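Same order as they appear, the protein sequences are chains A and B. With our numbering as the guide, the letters of the first sequence map in order to residues 6 to 989. With our numbering as the guide, the letters of the second sequence map in order to residues 1076 to 1262.
In case anyone wonders, no lab produced these hints; they're calculated from the structure. All values derive from a computational prediction rather than experimental measurement. Glycine included, each C-beta is placed from N, C-alpha and C at the ideal position. Careful: at least some of the hints might be erroneous.
One-sided and incomplete, this derived list gives chain B residues near chain A with beta-carbon spacing under 10 angstroms [unchecked claim]:
| hint | residue |
| --- | --- |
| 1 | I1089 |
| 2 | L1108 |
| 3 | G1116 |
| 4 | M1153 |
| 5 | V1207 |
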Amino acid sequence: MTQKNRLDGGLIDRSETWSFKFDGKWMKGHKGDTLASALLANDVRLMGRSFKYHRPRGPLTAGSEEPNAIVELREGARKEPNTRATTAELFDGLVANSQNRWPSLKWDVMAINDRLSSFFAAGFYYKTFMWPAAFWEKLYEPIIRKAAGLGTLDHRPDPDTYDKGFLHCDLLIIGAGPAGLAAALTAGQAGAQVILAEEDFVLGGRLNAETYAVGDDMGADWAAQTVSELEAMPNVRILARTTIIGAFDHGIYGAVERVSDHVAVPADGKPRQILWRIYSKQAVLAAGATERPIGFHMNDRPGIMLAGAMRAYANRWAATPAQNVAIFTNNDDGHRTARDMHAKGVTIAGVVDTRTDAPQSDVFPVYAGGQITNTQGRLGLTCVEVTLPTGTTRTLTCGALGVSGGWNPNVHMTCHQRGRPAWRDDIAAFAPGGTLPPGLHVAGAAMGDFTTQAALTGGAAAAVAALDVLGTKAKAASLPDADDGPVSITPFWHVQGAKRAWLDQQNDVTAKDVVLAHKENFTSVEHLKRYTTLGMATDQGKTSNVPGLAIMAEVAGKQIPEVGTTMFRPPYTPTAIGAFAGRSRDADFRPVRKTPSHVWAEEQGAVFVEVGMWLRAQWFPRPGETHWRQSVDREVAQTRKSVGICDVTTLGKIDVQGTDAAAFLNKIYCNPFAKVPVGKVRYGLMLREDGIAMDDGTAARLAEDHFVVTTTTANAVGVYRHMEFVRQCLFPDMDVQLISTTEAWAQFSVAGPNARKLLQKVVDPEHDISNEAFPYMGCGEITVGGGLRARLFRISFSGELAYEIAVPTRYGDALIRKMVEAGQEFDVVVYGTEALGVMRIEKGHAAGNELNGTTTAQNLGMGRMVNKKKDSIGSTLSEREGLNQDGDLRLVGFKPVNLDDPVPAGSHLMTKGTSVDAAHDQGYVTSACYSPNLGHHIGIGYLKGGDTRQGEIVRLVSPLTGQDHDVEVVSAHFVDPEGDRLRA
Amino acid sequence: MHDLQPITALGGQIPRQDTVAALMLTENPDLALASVAARLGQETACHKHLKALISAVPGPGECKTAKGTDAFWTSPDMWMVTAPFGTHEDLAAQLKQRFKATASVTEQTDAWCCFDLTGTGVEDVMELLCPVPIRTMVAGQVQRTSIDHLGCFVVHRGSTDGLRIFGPRSSAGSLHHALLTAMRSAS
Chain A
6 MTQKNRLDGG LIDRSETWSF KFDGKWMKGH KGDTLASALL ANDVRLMGRS
56 FKYHRPRGPL TAGSEEPNAI VELREGARKE PNTRATTAEL FDGLVANSQN
106 RWPSLKWDVM AINDRLSSFF AAGFYYKTFM WPAAFWEKLY EPIIRKAAGL
156 GTLDHRPDPD TYDKGFLHCD LLIIGAGPAG LAAALTAGQA GAQVILAEED
206 FVLGGRLNAE TYAVGDDMGA DWAAQTVSEL EAMPNVRILA RTTIIGAFDH
256 GIYGAVERVS DHVAVPADGK PRQILWRIYS KQAVLAAGAT ERPIGFHMND
306 RPGIMLAGAM RAYANRWAAT PAQNVAIFTN NDDGHRTARD MHAKGVTIAG
356 VVDTRTDAPQ SDVFPVYAGG QITNTQGRLG LTCVEVTLPT GTTRTLTCGA
406 LGVSGGWNPN VHMTCHQRGR PAWRDDIAAF APGGTLPPGL HVAGAAMGDF
456 TTQAALTGGA AAAVAALDVL GTKAKAASLP DADDGPVSIT PFWHVQGAKR
506 AWLDQQNDVT AKDVVLAHKE NFTSVEHLKR YTTLGMATDQ GKTSNVPGLA
556 IMAEVAGKQI PEVGTTMFRP PYTPTAIGAF AGRSRDADFR PVRKTPSHVW
606 AEEQGAVFVE VGMWLRAQWF PRPGETHWRQ SVDREVAQTR KSVGICDVTT
656 LGKIDVQGTD AAAFLNKIYC NPFAKVPVGK VRYGLMLRED GIAMDDGTAA
706 RLAEDHFVVT TTTANAVGVY RHMEFVRQCL FPDMDVQLIS TTEAWAQFSV
756 AGPNARKLLQ KVVDPEHDIS NEAFPYMGCG EITVGGGLRA RLFRISFSGE
806 LAYEIAVPTR YGDALIRKMV EAGQEFDVVV YGTEALGVMR IEKGHAAGNE
856 LNGTTTAQNL GMGRMVNKKK DSIGSTLSER EGLNQDGDLR LVGFKPVNLD
906 DPVPAGSHLM TKGTSVDAAH DQGYVTSACY SPNLGHHIGI GYLKGGDTRQ
956 GEIVRLVSPL TGQDHDVEVV SAHFVDPEGD RLRA
Chain B
1076 MHDLQPITAL GGQIPRQDTV AALMLTENPD LALASVAARL GQETACHKHL
1126 KALISAVPGP GECKTAKGTD AFWTSPDMWM VTAPFGTHED LAAQLKQRFK
1176 ATASVTEQTD AWCCFDLTGT GVEDVMELLC PVPIRTMVAG QVQRTSIDHL
1226 GCFVVHRGST DGLRIFGPRS SAGSLHHALL TAMRSAS
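The following block holds chain B by itself, in its conformation from the complex (with noise of 0.2 angstroms):
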């Protein structure tokens, strides 16, 4: 086991959680984030070990989950997948070695800091930040969009589970800002 510490997002050592009203905001720094895309020629192939992964291929806007890892589409043929870090630190090369040369796979772990939005009222919440047609996602889908002008992704994870966040993680104190702002304005 190496000796480097690692620090949050947000730069602490221990993640941020903010309580407005009935809404939570976690900072989440457990979770482990790689690309996958299919090779040219290969996405029967890629398809295939997806389906195994997560027993199913993502559509576009879809998130689909098995066995505590989730994949959701970001472009054609190409999908990001997420598990717990603790047990998935390495999970760009699990990945590479489940999908060999059927799919490019880079890591993304820190390429992306990760909110978690629950409580009664995500919605007002995400109608003051982005265009995402909030009150009518359910739970599974997710939604590319701009927060606070950063590329954000925002994944519906269910009534209790509340909403996903994906932003960059260089501008993860703009972003939980702007969350935060705009929680206490729609608490």
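The shape of chain A in the complex, shown without the other chains (with noise of 0.2 angstroms):
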């Protein structure tokens, strides 16, 4: 097809011809062309259908607030629906489609939805599909969402990566029209570091759409020259292609910058798009003005478009929608389209202007007073009615409708922070007013200057201003003259009695539907919104939302402003899900914690569990062995029989020096420490404030005034949090100093009989770590492999004779092979994080399942460690009467009574001869395991009274698993209750 509706002239480089496809058909384009201005150029109007009536429709606007022309872009996995054709940058062999249409875009079986419109009015769907109710979810949504549908997904992953960045200005200017050029100019010849971001991919706004003059030059020609001169300035940061999407705190802007969307793959480790923080210190607004449409009968054909838009495809990209058009406007502006078009050889049809007083041409009918009463043209309009205002009517015929009611500034930005514009009558539109976001300036036509000059002197005057606030005197650029001419505009918003006015084109709103909505008393604009979804679609109303205002404060009789606006929220365009992700997906949705021996631990083909973002090794199978059980039943019997080693560095370690470090851990803890002598540990429990159990671990006393103090893996950082509270806001006056150094040291448990003769084989020989000189619950500082500094701690989780060994992290691996070499005489095992639970559930101790957040040191059977002599934390409110009753959950064993049963964490305990229900709840279980000691399943858990009741047998119930048996209430300390292993 040949580029039948290219005109001469534009800002598009001919020199470049590039192949598109849209909905399977193979056009020519241009380098500079969007995808609407290349359909255009070749002859199609048509580009998608609306939402609910499925109406035939083309572009209305040449921007990102276009409602109407919306395809999905691309294919495959990169496949995006739903986005705007007319901010859609060409590129060669751009594929594009029209999207909620079946089975093509010109025969669309659910265009029947338009037949029945009658029956589609507001509220329709809260109407109608209200009974039966079990309906909804099964019959009538689906319908709905099929019928009612925007773009189709791939389902696939998205190829492409995004990046997420952050900048610093001390002035950032949103928008590079005239008015954002000027403050540019001028912010960057004063010195200040400044940001340009232009959401489009040339510079200069509207400067590019239009034909007059700025100076000597054409507009267009300014910006260009304007752009060298700023890109020449390393204090100015440039981003095209980026969209501002929110104003948040502190001077902190969203913005979007679309790296790769103009080419069909991004290079080589390019992200397609960067989500960019950017901190400012101030920022002007030069976001420019969106036209607003008139309503009118069936104004939604494919061709009628906003007059200013259909300007900038005629001077900017040299397309004209078709060879003959028509304009319909209430403003000046109207006539600029006409005589634009007019000199690039477009016929025009007339121009209907509804101000009686409107200014008449020499060269094109003006038909002042006039209103369009109906147009014709199925899929693409054909002519206009136009009615006089003596009453009688006239037919056009036109192949476009450019339509003007007038231009609103674009205040997005000025609301982000809950402002709220003010009215202006001079030229019928909201203008930022109001509070500010702070460090905010408005310029230009978002500030409702309209004129080029008026941009170019606020925009200017803008900068100097904001710098003026940073204590930088600048000075206005020096700029040229440019068009100045008066804004004279008529409010006009829509025809009287049009039966289908379109305002929301994208949601298939009506001027009805906003009356109706009205009569059904939803009288609030947020009501009013919500009901008719005027401005709910992904244009978020930027077309429609003033239009439907205007007629909602005539029927209810006020005037525009006391309607108000509904609230602006971020973001001011659709944006990718991807980009606020950024890198942090799918592998890399987090960042992974490795332990000292998991080179180590992969040689030896473990198989890992993720522990918060710890990788641990769960346990190592060895040849032969097919199925966990095998291996976690060896590793556990190893150990118990002779020595296993296991990496435990993922348990907190926090440092704690100063003159008052005992008594600071005295505060911490609800048992003693102030009198632990130097070169022991103890066990220690740390309660909420609450008298809830906070965590639980030990603290070594390596010094008088030095204790490294171990907390579970789980709660590392918030003990460490916990305690720096306490340090900096409860107890400022004691001399204590707190750092992590988790990972400062790699820490191995040497669990079993035969521990302490493995390391008799490391430990340098004169360190005494016999029973006698290095006893139970001891700790020291020693050396290993002959002289590398260590720690050794006397202290066991398995039950077994056990010691903690530490060394630099970076020995970590050498330490491990080196005790499994010298533990080959001892059958060493190493063992996962499975083993290791199954031996402290063998041994009953607590862990994260037991300290759940909701039980204390009496639930846990530790209720006289809460020491009453000194004062700790949670202390007092442990002794709440309802914590301390007769008959509380207490920890206890479980043992099935037929053998074989399983005993499985979280199922809830049933007195005999009960009904199975929460009135009759007795506990639950927390922890549970097969025993390879034992031979069968064991479990732990809280049980009322628990501690009263061992020898009984209580029904274990699972209703979720079917579990259904008994269990004989028995210790928790299934191995060694005495602790005679432990102190061999």
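Fit the two chains together into the complex; they arrive one by one in their own frames, and the hints show the way.
Structural data, given as structure tokens:
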């Protein structure tokens, strides 16, 4: 197809001719085209179907405010639905498809909705799909969703990547039209750090869409020269293809830079888009204005567009929607479009101006006081009906109609922090008013100053004012003179009596819907929005909100400012979820923490498990083992029989120093710590302020003024944060200093009857670690391997004779290799977290499952640890009556009566003979495992009055998994309850 | 001399080095680190020792250097001291010797991994990683920040020495991946 509607001139690069495909048809365009401009040049006006009625639609605008020309861009996994053809930059090979139609854009079955439109008035869903309620989810919603669709997803993962980034500047300028360029020039010359962000791929804003002069140049040429000047300034950073999507606190703005959207596939390693967070000291909003349509009967046919857009297509892209066009306007701007189109050789069928005093023209007919009352053309406009003030009608043959109802300043950024715009009668529009976000200045059309001269001087003045706040005396850049014609507008919102006058074309909301909503008492503007869905589509009502408000004001007998506006919220334009996610997706969703023995464990074929961000070895399968239980049972048995090693680096370690270190820990832990001797470790339980158990662990006293506290893996951060809070806020007069050393030391548990013998081969001989010299709960600084500094703690989680040995992390890999080698003669095993868990359950030690944020020291059977001779955090509130009743939950063990039965964690316990319901609940199983030592499943958990119920048979139920059998209440300490092994 | 062979934070025998365009990222295991926190009431005495060590008491956001030893501010009356690992593996012990009861000293050498980023365009890389005002930072400035969800320190070491990034050692792999990804994206 030839580019039938391509005009002369324009800012496109005709030396580059590109092919693109729309709905399966290949066409030609040029570098500098958008998809919409290229389609118009190829005589394609029909680009989409509306959301609800599936009405044929073409582009209404030439920018990001577009409601109609919504397409699916690209193919395969890169397909992106709901993108605006008006902003999609053309590239060679671009593939686009229309959406929300079947089987084709021209023949859409669902267009039947349009015939039935009288049934689909505002609130149709709410009124119709009332009953039966069960039908909603299964029947109504799927049907509605299918019919009222937007584009479709490919369902494969997005192959592109997105970056996030952070920028800082003195002055952020939003928009690079005349006001933005003047502001950038002024601030750039003053030496300020400037960021100039522009959503378009060519800077200049409306200067590129107009024909008038700035100084001695065409506006577009002046813009290009100014951009070159700015590019040469090292303190000015220009971000083209970058939309500022929101104004946030403290001068922070969100921006999406479309780095690679204008190429088929992003370059290797490059992101498709970057979500920038811009920290600005001051900002200038120069976002321009958006033209608004007028409501009249059948004003949505392909070919009917905003007059300013029609002019932009002709002047910038050298494309016209048709060779014969008409204009409908209530202001002088519509006439400008007619003049420009005429100059480009397009026939002007007539200018219909609602004003009776409309300016006349020598070259085209002007119908002063006229209104457009009907249009024809199913898939594209063919003619319009004009009703003159006399009441007579006339038909104008035309393939396109430019409509101008005036311009709305783009106030969005001024309102993102709950500011409300103020109505201005002189321009019949909302302009920035009231409280602006701190540091934000507004200039140009965004401020309601619609002439180019006002934009230039206003932009420069805004930059001067902004820099003045920063203490920089800037001088307004010297700027050329530009067109300064006054704006004359007479508000005209819609043609009275129009049956189907579309306001929100994307969501198919008509003027009649607004009237109906008001009749049904939806009189608040926010209710109107939600009831009619006006402004709720992806364009957020950029072209429809103000006309909607005007009609609402009319029917309510109010002034527009009394009706008010709905809330403006970010993002300004639709933003890909991928941009918000950035690189944090899939395997990179969050960072990974690896233990010091990770490399070694990988060599052994360990199976890893995520524990928070940590990757820990869960078990180490040996050849021939086909089930995890075989590996875990072996690791447990071998450890209890001889010796096992486990990487326990993940447990939190906090270095506590200072002359008040012991006194500080005495506050943190509920049991006494003031008199722990140097060289000793003590088990400690810490409570929250409310008396509930927070965490448990050990504190080793390495010196009078030096402890090393250990925490559970899960609570390492929380406990450190808690301790810092206590240090800084509760006891600032204590001399105590804290720092985390979790990652500084590689720590291994060495457990089992042969643990000491193994360690004696590793620890340097000058350190005596015999039972007499280094008894249970001893600790000390030692050396290993011939002089490497290390720490040794005689503590046990497994119930065996056990130590924990720590070396600086870089030596952890060497230490485990050394210990495994030294342990060969003892048949040493390295065990994972699963065996660790089995052994601690066998021993009855509490862990995260038991310290679950609801349990007290009493529940844990550690009530007596809460020392009453001292004050410690949580001590007082742990005395609350409700936490100290007879018959409260107590930690006990469970053994199945039928030894083949499992004891699943999470099961609840019922007294025998009672019904299974919450009222009869006696407690629950917190941790469970198969005990290779006992040869059956065991569990520990909380049972009401459990301390007095040993030997009782209770009913274990898990309705979810169908378990219901008897278990015996036993001691939680299944292995070595007397603790002899620990002390051996 | 002991017989335990160290590995780097990335798990290798030798430090990893990556070059992307004009940028170079080097894993740096040759640093010993220790935190120094003034004891309550001993602040002035502690400052004196700091001055003797690096001729300054670094304030917030500052990193001072003298004779191969760096110290940067980490929180009120607390600093991180770094020195060449080869000569200062026992840095914490050396510092304790100097500061005695005026400060609490904790070995931090292996709590952190360290990457040096040098070459042209390091600013572009950092802009994709963290909110530090990298273009206005100068040599001797340091910022605590978050890179790839990890708490890090970014030290500006001048146009030749580039940036030094300290992050949590256990996540060295994730941090390295984030840095390298940003280098590829920015260059």
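Notebook entry, point to check: Hints broken by the structure, by number, lowest first?
Noted result: Checked against the structure, the only hint that fails is number 1, while the rest are satisfied.
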